[in-house]
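Visitor: Protein chains in written order, with the UniProt record's numbering: chain A, 1 to 470; chain B, 1 to 470; chain C, 1 to 470; chain D, 1 to 470.
Possibly wrong hints are sitting among the right ones.
Copies of one chain are not kept apart here, so a pair can be met inside one copy or by any two copies together.
The list that follows gives simulated cross-link-like pairs (lysine to any residue, SDA-like), each with its CA atoms no further than 25 Å apart [what the hints assert, rightly or not]:
1) Lys457 with Gly57
2) Lys457 with Ala338
3) Lys85 with Glu129
4) Lys310 with Pro237
In short, the hints are calculated from the structure, not lab data. Computed from a prediction, not measured in an experiment: that's the story for all the values here.
Residues per chain, in single letters:
There are 4 protein chains.
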Amino acid sequence: MTSPLSGFVDRALDRVARAFRDATTGAREVVGAPLRPDLPDDELPRLRRQIDVCLSGPGGETAARVRAAELGRTYLGLSADGRRKFLTILARDHGPDADAITAAITRWQEAADDRGKAAAEAALRRALESPAAQLLARFNSLPEGVKFVVDLRAELLRMGRKDPAIARLAEDLRRLLSTWFDVGFLDLRHIDWGAPAALLEKLIAYEAVHAIGSWSDLKNRLDSDRRCFAYFHPRMPDEPLIFVEVALVDGMADNVQRLLDESAPTRDPRAANTAIFYSISNCQPGLARVSFGNYLIKRVAEDLKRELPKLGIFATLSPIPGFGTWLDSILEAQGDAALLPTECEALAAVTDAAHGAAAVKLLLADSAWPTVRAHEQVLKPILMRLCACYLVRETRAGKALDRVAHFHLGNGARIERLNWLGDPSPNGLKQACGLMVNYRYKLEDVDANHEAYADGKIVASNDVKRLAKT
Amino acid sequence: MTSPLSGFVDRALDRVARAFRDATTGAREVVGAPLRPDLPDDELPRLRRQIDVCLSGPGGETAARVRAAELGRTYLGLSADGRRKFLTILARDHGPDADAITAAITRWQEAADDRGKAAAEAALRRALESPAAQLLARFNSLPEGVKFVVDLRAELLRMGRKDPAIARLAEDLRRLLSTWFDVGFLDLRHIDWGAPAALLEKLIAYEAVHAIGSWSDLKNRLDSDRRCFAYFHPRMPDEPLIFVEVALVDGMADNVQRLLDESAPTRDPRAANTAIFYSISNCQPGLARVSFGNYLIKRVAEDLKRELPKLGIFATLSPIPGFGTWLDSILEAQGDAALLPTECEALAAVTDAAHGAAAVKLLLADSAWPTVRAHEQVLKPILMRLCACYLVRETRAGKALDRVAHFHLGNGARIERLNWLGDPSPNGLKQACGLMVNYRYKLEDVDANHEAYADGKIVASNDVKRLAKT
Amino acid sequence: MTSPLSGFVDRALDRVARAFRDATTGAREVVGAPLRPDLPDDELPRLRRQIDVCLSGPGGETAARVRAAELGRTYLGLSADGRRKFLTILARDHGPDADAITAAITRWQEAADDRGKAAAEAALRRALESPAAQLLARFNSLPEGVKFVVDLRAELLRMGRKDPAIARLAEDLRRLLSTWFDVGFLDLRHIDWGAPAALLEKLIAYEAVHAIGSWSDLKNRLDSDRRCFAYFHPRMPDEPLIFVEVALVDGMADNVQRLLDESAPTRDPRAANTAIFYSISNCQPGLARVSFGNYLIKRVAEDLKRELPKLGIFATLSPIPGFGTWLDSILEAQGDAALLPTECEALAAVTDAAHGAAAVKLLLADSAWPTVRAHEQVLKPILMRLCACYLVRETRAGKALDRVAHFHLGNGARIERLNWLGDPSPNGLKQACGLMVNYRYKLEDVDANHEAYADGKIVASNDVKRLAKT
Amino acid sequence: MTSPLSGFVDRALDRVARAFRDATTGAREVVGAPLRPDLPDDELPRLRRQIDVCLSGPGGETAARVRAAELGRTYLGLSADGRRKFLTILARDHGPDADAITAAITRWQEAADDRGKAAAEAALRRALESPAAQLLARFNSLPEGVKFVVDLRAELLRMGRKDPAIARLAEDLRRLLSTWFDVGFLDLRHIDWGAPAALLEKLIAYEAVHAIGSWSDLKNRLDSDRRCFAYFHPRMPDEPLIFVEVALVDGMADNVQRLLDESAPTRDPRAANTAIFYSISNCQPGLARVSFGNYLIKRVAEDLKRELPKLGIFATLSPIPGFGTWLDSILEAQGDAALLPTECEALAAVTDAAHGAAAVKLLLADSAWPTVRAHEQVLKPILMRLCACYLVRETRAGKALDRVAHFHLGNGARIERLNWLGDPSPNGLKQACGLMVNYRYKLEDVDANHEAYADGKIVASNDVKRLAKT
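Whenever a hint applies, use it, and build me the whole structure from the sequences.
Guide: The following block contains the structure:
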């Protein structure tokens, strides 16, 4: 994944700067020679001046946008260190003005009637807007400006939440981007093998669940019995925001490696009764917590249903990313208490370990355990039960502990089925002892499920609930 | 201009409602039978309940958008009276919550540190958002939803500013639409005779300066020595927001009827040295005070310059809509004081009127005066001078009195030249005694001019200033 | 309809000539100054030399195409007279070479085996190709070249068939254009109100059956209960070749003025059971006898059936262009013999005319006859019967006398129903005493009908046959 | 490269057959059950009947095209053997009718005047057209029909020239395809990394000069300092016909491996002065001898010149595919006579071989010779001189012996420069001892060069001619 730098400088600013050259004389006098990349302390006064001009310089809104472009160029010319200094200065010096807020509050409190209240509210709203965020909002009119703001927020998030000014600016940008990236303004596109190579290359780079190993792996995922959909923003037409990969199959799939097998025959999609969402990847770290993912599955399900009326089941085949870690901690903390007596006996029969928990760890330590029938057989009931407990009963602040579970439950899906050795790849074994789970989307239940989850209730099928109870 | 009703109901809601039918069972139970179009009082409880469900019903964001669509259908099913009642209830009952604002203010005042302040500011910002506006924001994901919100604001503006709740909702929507219609998200399109008839038909309907009399009149305005540009929103692709008509000529045009003459020969656009912006029309009343017009001229000038490098002068040929009315009041109030002695003499020579002001009125009363050389000759110096005074010296609260002058001066143009009998059509004579004015856009001066005007100074050419001084 | 001249010279040649300028030095030396528009005799040697160079000049095929462009420019620079001289010279001097044909014939006759026959056939084929047509074929690579050849053939057709060389060149071009315009290479486009005005304007110009009176008349014909389809060639994308207008109605329409009535309400197209093809216009005179029209109706019927499955009947509502003239001749030649005794009596009752034939002529002479109930009533049985005879029994060389009947019968339609006063417009009355006819396309019968007509049999419904028998 | 079979059957026929189902009752009765794939003798009568029906069945042209589709389905259902039998029957039984030709000849010989001659010529032309080719021409209206005919001709060419009927049908199709694929109807497209993966995959498959090893190799060839252009037919939009790869460099490139090096830095294309055409691949064997390749280079040169005005030199960097074989035969046949005395001496100094020719063979036998400086140094003058002789002096029937040389010389290029070790890859060493050659296209000379070559003269630079003389 290349940095947006080159594209931005080459195309966006180039075009804009060229077009308005004469209009920016004032600004460019201030800007002068480029700042040194690391922004040593003696450069900071010049940077501050440049930001000030950008926020309050002469000319109308078009001139202000040109200056914003100049400032963008400055930022992109900096080193990693320099950029962090730049953002820190911007965030600390140009947050909302407390005096203006205080004044607006007083005005509101003293307002005599509705009209006065309304005017005071408008003033208060204005005072609450941070100049830094307003400045960054101007980038939307630059060719690559929207991507620039998204990447800049990614940088802020990487800087962490220690500095409250940085955290606030990141949050300001989240609000701004939530408006820009409102799902109503996004385009859902079906991506197949006829898509531009330049776009497909990005899918390979952005795939976050089951890595795409080659172009033929990718081609297989875009075959006629597969579907891939992505959201795009009109001003970032070459950048997918999130994409989902779907397999059209018969019956709810239980093994992701079989889905990914390039040598498997291609099925007739019109005969399939089930759509399996087997991979969902967010592409833009700068859009974290700007939600459109929960529209994606429902919207895609709806589109698929229209195209292929025989489809009756919509479900995921999902990883359980937190199970491995949780299991370790459980075996450590609770020891044999996490196991049933019969399980301990079964373990004793195949290992020398004195304790059940130790036996489990011992067995799992050999990565070939799935191929040793005796080991696999004894582990299966233990891990299935513990995993069900993990998914159904482990919550934090009323939310599922597992982040993928949280996403789908919040979306209105229910935990449908655990799949033993659903992902026997090294990564699958490490993450969740090879277990995978189907979350099912019944369109008629998603609202009720969503509500139930909002009230702290985790919705699961009877089978899974029974497993979790024992 | 057709109402958005049919399109909206037929396409948008139809599609959405059909797709999510099962998901809205709860909502539709509440909705029940359609409300009666005039919204008699006994229907209001049902309407209130419907709005409440819409704002706080079960399910996630997708369900909420479906319910918004249902409410939209309700609204569109109402009569003009019914709609006004609907909007009044929505605006009055669902404005910002004063208690929540008060609580957030207290929290802010008591916040101990930056982090606490930031959290309180976020709470305050949320409290200031009106639920009514939030509800309407959800329409953006419906196929015709953006147009629906624009038209709904037009309705609010038509209702006037008497009811403060209505005014506030209109203002809330203005803020919302300002984000949606930020110029960075708009598309500028060149419109020529190859454009869809369905779009050209709208230009005919929306043209607000020099009415388009026929399809051949329109074709003439889209000829190879003309240009027409319009802004569009990606979610309203068939609806121009604002459009400008440009003539490519030699030298600054001084007569708009000659520009509109269908029988005039077509010039080679590559040889033209001047681009005359002779008509700018806003198309959407619901976007009043959502500014993108001031980008239009500069952006078009830039595009034209790139296409046709010989263009050196960018100027308007504009009406002076307020001059006629102002002239009447001046002649009424100041009488002969508005005239110079020499002018009074000249008037006396061609009329019997005792007073100069009366003589001017007398001459103007005969609509054929432009064809009576003696009358025209004596009126010319008087009207030119008075018009220059009107444009250069008449301000209100630091702004030019004439609204077209205000638009272009705020944009950074300067008053370049007055054109005697620039529009001798009945409408032109009535509006401004046939006078027209060129506002000139020198790209290198627009920022300085913009600033000067912001400081209350009206920028004009020496010729015009001289005229205004005498 | 503008001449292709300007477009051709400005765009096509300009582009090509500019690009290859250096490559055409030789050709241009010969070309020299432009020929005088009327091609006086002393210019002919230069023209002849130019054509010779064009046919046999140096360089490869690309150079030859550049020279063809030069020759095209020469042609377009000529007056109407000059062009006719140009074409005459081209046709007479550059037809197939009789000596080469004779030689190839000898070679064929003497060929000993299959391989020799094949080689001789190839030589014979080459000898039969006229150099003039080969030269014109080269125009296809010029931007407007295909249209140029089409228009040039139109010119040849206008020159008539007296000069056998001209007739042969026109026929050579027909063969060439038949290959270029093979229906497999054409695009069928649905045209609605969203089509470019520049295209719609051409429909207005090309409509040959029921003139389009205004843009609102046109808009009505493109409404949601109408369909308009046209064939296009990929190298003439802005020029319709043929177009058909369809009304979606309930039951077979019997009156074209009702279909054209702009004030009639718009129906729901999904509810219609009948598609009425009420106007078919060929747009390019130069494509006469290059057939694609007979694909049009079937292809459109197929597309409509797919879009609107309720459609069960596909029929035309057609004029009977030859009936008026035929009627005159019948009444003249056969006099009362064309009428039945009862009809003569009925005529005598409303006129003073001694003879039946004279009475009919007398009645028809008053163009208001359709509004005089007594006259209309007495004429109806007579004209209906005679018209049925005209359509069903009048043939020439085995083909229907009426050209529209010939087109639809050859296409596999059958004569379904005569419509009394189906077109009471002045033109309709003049052409066919207001009569119109439905030709019906039953998809399952078209092949059999086509065969029957090829065997000289005119297929008609029982009702029409019965009328024709009496 | 997949067979067209599946696509054809699935899409084309499916669509057409479904649409016209009822119209083909007659044809399908004859067709009956599918023929057995190997076409055993007892199936031949049914095949013959099917072909007969197809050529002369009832109904109009649309019905005939449906039957052609049925026949296409039959063909595609056959095995390789079956197809060859099918084509043999079609070619032998349905060639031109000798009796009809004889009759037309007689008519022509007896024709008394121009009009009679013209009519007889038309009859003769018709008689010369083979029914088999006419039948195949009908495929152009099927969705994949054009590709079907192209592939069918490829099959005929694979069957060789032994059977004169097969050879004649292949030639008939060549004439047909020459009209369909006239360069004027083709689209030239610029292909870059934004092209569909499905298309780029075909470039990888079709590249015939320097194999594309991977997607990153391909991406490198589509970088910003490269250009790739291909011709397409409007009815085969996903199938490139021929494509050329161009490198934008400084000075005439002399080593193709450097051009293909993925790790080489990307240059600024606007600064390049030379366009090197380093790979040209024909994609469709069925279009052999249907020429459009000679337009490609000139057209691309023209387009590049327009885009990048600094380009002054247009040249290839080409393989010399026949040199290796020729060299072997020369050394074999002429022995030392092929070498100069000084060369023999030099060879003796580094080898033990008694004879010069044997010494050359000995040195070349060790594939590492290019890295052994003494060997490379002694071979260079010998091979450069012999290669110059091969290119400049070796002709057959007036044409260059080397097929790549023949292509570019016929196109108007000249032999500009030999490049020692221009392709040191194993393939390059085997084909031409690592030698490559630049053919230069000077736009102002191409016509003269073309003519010279047509007259049997090989055009080369002085340097190359000097080399060839010694």
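Visitor: Decide, hint by hint, whether the structure agrees.
Guide: Hints, verified against the model:
no.	hint	in the structure
1	Lys457 with Gly57	between (54 Å within a copy, 18 Å between copies)
2	Lys457 with Ala338	within (23 Å within a copy, 81 Å between copies)
3	Lys85 with Glu129	within (22 Å within a copy, 34 Å between copies)
4	Lys310 with Pro237	neither (32 Å within a copy, 32 Å between copies)
Checked against the numbered hints given earlier, the structure breaks only hint 4 and satisfies all the rest.
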